[in-house]
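2 protein chains.
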Amino acid sequence: MTISKNKEKFITSLRLKKFRQKYNNFIVEGDKMVRELLVQSPEKVVALYALESWLAGTEDARRVSSDKCFSVSPAGLKRVSNLNTPNQVLAVAEIPEVEVDPQQVKHTLSLFLDGIQDPGNLGTILRIADWFGIHYVFLSPDCVDPYNPKVVQASMGALLRVHCVEASIGTLCEQHPGLPVYGAVMEGENVFTAELKGASGMIVIGSEGKGISPEAERYLSHRIAIPPAAHSRADSLNAAIATGILCAVFLARVR
Amino acid sequence: MTISKNKEKFITSLRLKKFRQKYNNFIVEGDKMVRELLVQSPEKVVALYALESWLAGTEDARRVSSDKCFSVSPAGLKRVSNLNTPNQVLAVAEIPEVEVDPQQVKHTLSLFLDGIQDPGNLGTILRIADWFGIHYVFLSPDCVDPYNPKVVQASMGALLRVHCVEASIGTLCEQHPGLPVYGAVMEGENVFTAELKGASGMIVIGSEGKGISPEAERYLSHRIAIPPAAHSRADSLNAAIATGILCAVFLARVR
Numbered sequence: 097m098t099i100s101k102n103k104e105k106f107i108t109s110l111r112l113k114k115f116r117q118k119y120n121n122f123i124v125e126g127d128k129m130v131r132e133l134l135v136q137s138p139e140k141v142v143a144l145y146a147l148e149s150w151l152a153g154t155e156d157a158r159r160v161s162s163d164k165c166f167s168v169s170p171a172g173l174k175r176v177s178n179l180n181t182p183n184q185v186l187a188v189a190e191i192p193e194v195e196v197d198p199q200q201v202k203h204t205l206s207l208f209l210d211g212i213q214d215p216g217n218l219g220t221i222l223r224i225a226d227w228f229g230i231h232y233v234f235l236s237p238d239c240v241d242p243y244n245p246k247v248v249q250a251s252m253g254a255l256l257r258v259h260c261v262e263a264s265i266g267t268l269c270e271q272h273p274g275l276p277v278y279g280a281v282m283e284g285e286n287v288f289t290a291e292l293k294g295a296s297g298m299i300v301i302g303s304e305g306k307g308i309s310p311e312a313e314r315y316l317s318h319r320i321a322i323p324p325a326a327h328s329r330a331d332s333l334n335a336a337i338a339t340g341i342l343c344a345v346f347l348a349r350v351r
Numbered sequence: 097m098t099i100s101k102n103k104e105k106f107i108t109s110l111r112l113k114k115f116r117q118k119y120n121n122f123i124v125e126g127d128k129m130v131r132e133l134l135v136q137s138p139e140k141v142v143a144l145y146a147l148e149s150w151l152a153g154t155e156d157a158r159r160v161s162s163d164k165c166f167s168v169s170p171a172g173l174k175r176v177s178n179l180n181t182p183n184q185v186l187a188v189a190e191i192p193e194v195e196v197d198p199q200q201v202k203h204t205l206s207l208f209l210d211g212i213q214d215p216g217n218l219g220t221i222l223r224i225a226d227w228f229g230i231h232y233v234f235l236s237p238d239c240v241d242p243y244n245p246k247v248v249q250a251s252m253g254a255l256l257r258v259h260c261v262e263a264s265i266g267t268l269c270e271q272h273p274g275l276p277v278y279g280a281v282m283e284g285e286n287v288f289t290a291e292l293k294g295a296s297g298m299i300v301i302g303s304e305g306k307g308i309s310p311e312a313e314r315y316l317s318h319r320i321a322i323p324p325a326a327h328s329r330a331d332s333l334n335a336a337i338a339t340g341i342l343c344a345v346f347l348a349r350v351r
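Protein chains in written order, with our numbering: chain A, 97 to 351; chain B, 97 to 351.
Since the hints were derived computationally from the structure, they do not count as laboratory data. Quick caveat: nothing in here was measured; it's all calculated off a predicted structure. Incorrect hints may appear among the rest.
Under 8 Å between C-beta atoms, here's a sample of chain B residues computed to sit facing chain A [as the list claims (entries may be wrong)]:
1) I99
2) K101
3) L179
4) T220
5) F228
6) G229
7) A254
8) A321
9) A325
10) H327
11) S328
12) A330
13) I337
14) V345
15) A348
In this text, a Cβ means the ideal position worked out from N, Cα and C, and glycines have one as well.
Go ahead and model the full structure; you've got the sequences and the hints to work with.
Spelled out as structure tokens, the structure:
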């Protein structure tokens, strides 16, 4: 079967945030991630475009009704794929609606990403959140869209499990009064020796180039730092590395 | 001035490891990193190719003799640059020879990278090493070359400070008998609660896809793990993130 020109246009339009928002759909690609999608949220699958061999040989494909499954040629898949080397299957899925539970925000650790621009960094941060069992990742409106195809693939499935919510830090702090808000800043307290209030609150992660924005910095209740070695001449850590270290410090302490 | 065809060929040949090894030269690009090179190791600079405005306006350019400075046009720079958007200056530099001091290996923490393939990951790992003041980063022969232009740029200058040494783990362990060798493996001991022998020894970092190789695993004296959250369904952490967390755990403990 070939994908109609209209369908092709629809699928490739989802590369742009504008159309993802319009249709509330996004793209998941490749055998491993699509199978994860099928296992975790089959009800979110709008359509599967796959090689005949994949459809025939993949048990998990039976989790969606056959009228959502379309067999395509390698050339057809290549035309709609965002990957340099398309991997057997592409799914169109619904963007989930996330309801934020204030009790969960209060009693667990969340991340607030302040202007993260690089899709690879965001994907890596979502993997960290997934690894450490973080429920909510809040994203400032100027972050790269988590449903951007590059983020989806870099997250290696984490996007399907972690709850991404676009929010401004002002609104979050209003909705959750008294929430501890941690942020790494130059002159902050050494996070390795600081008294941390258990594993709840929100960690603000600054952007790659500029760190935490002046707007977000006003909301910090705890100013922390990952100190460099005494003789280090490095001037910054990558945002995802800082996230990994902070999550380890916060969450490993209470184990 | 224009760069001669021969010079152009020489500079672009340094994109390949074969020619970097042949000439023992590598490329550093962009205002910030070239200035770092000029401040830290002016004697390693073989030649500077820069826009006239950069040469005239950059005090640090005076650190090398004028017969090594070549003014080039934006088009000329673009022809030899490895960047999508060339940034004013490109330097050809000597690859430093690193002498490994056994006492330093014995008394400080080193990294051994076991088949790291992604230039971005290696650059990020070098930034982490730089941040935490790690002296030696050993690389297995199947790692991406640290003098690969993509690694150089991703390291944001860390490559100029951290000492990279290609080595096999077998030889290292022979040369440094009794050295604690740590590695994160599935069934390892929780690194957050493990008794660690201070901040010395060598941490083995496995490759992105395959983790620690069977060959390297035989040399581990301490099998550790970064445990995921109890309910996590993530199946791996990025190699650079694991490096950041392990360095923080090892080096923050002894502060």
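Here is how each hint holds up against the structure:
1. I99: violated, 31 Å
2. K101: Nearest chain A Cβ about 32 Å off; hint violated.
3. L179: violated, 16 Å
4. T220: Where the cut-off is 8 Å and the nearest Cβ of chain A is about 5 Å from T220/B, the hint holds.
5. F228: holds, 5 Å
6. G229: G229/B check passes; min Cβ-Cβ to chain A is 3 Å, inside 8 Å.
7. A254: Given a least distance of 6 Å, the restraint on A254/B holds.
8. A321: violated, 12 Å
9. A325: This interface hint holds because 3 Å falls under the 8 Å limit.
10. H327: Holds, because the Cβ-Cβ distance from H327/B to chain A comes to roughly 6 Å (cut-off 8 Å).
11. S328: Status holds, d = 5 Å.
12. A330: Cβ of A330/B sits 4 Å from chain A, so the hint holds.
13. I337: holds, 4 Å
14. V345: holds, 7 Å
15. A348: Holds: closest Cβ of chain A sits about 4 Å from A348/B, inside 8 Å.
In terms of the numbered hints stated before, the structure departs from hints 1, 2, 3 and 8, listed from lowest to highest.
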